[in-house]
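Could you build the full structure based on these sequences and the hints that come with them?
In my numbering, the protein residues as written are 14 to 189.
Just so you know, the hints here were simulated from the structure itself, not pulled from any lab data.
For lysine-lysine, the following DSS-like pairs were computed, each having C-alpha atoms within a straight-line distance of at most 27 Å: (1) K148 to K114; (2) K65 to K94; (3) K94 to K114; (4) K114 to K65; (5) K148 to K65; (6) K148 to K22.
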Amino acid sequence: MSRLFWGRKELNFISRISAELIQHVVGQTCYYYAVLAEQTVTDDLYNEAITKVTADPVAVNALVYYENTTDQVTALPPDSKYALDVHFHTQELVDRNLAPKMGDFIQFGDIVFEVYSVSQPQLVFGQIEQKVMTKCTCGPARKGQFDPVRRPSPVAREDQNAPLYSTQPDPRSKRR
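So, in structure tokens, the structure goes:
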């Protein structure tokens, strides 16, 4: 398409339609956990982290493609493989101050997924500099690598960017 026929007004229209589709028509919400690299303790030898420290989750509207599970049977116990493609509207990520990156976590339903790759595949009118969506390809997080403790956050919900849940242990619990 020629740039002569598609200007800023048309690009903004496509962006608004995409945002409305994701937020009001599709209505899927996932929780995004950004990994805090500065606070995560890593191994001295391989520079790997057994458990990752994450920020409080942020609820984000998304278009989620949940692929069918495939069962793999080997000499070991059966294993189910499944993947998730999450499409975020780029402007919503900017509004919520999120920058998806590999290694972060996304919770969709009761399953927590780890982000394997991040891309911006959708071009608008063939213009490479105009991107509307950010795609995260995810796979299931390993048991023990990430386990959010979900309890309501004490922060008031008037602020839309305030976290919905806290990953810190509840001080009222009777753990010793």
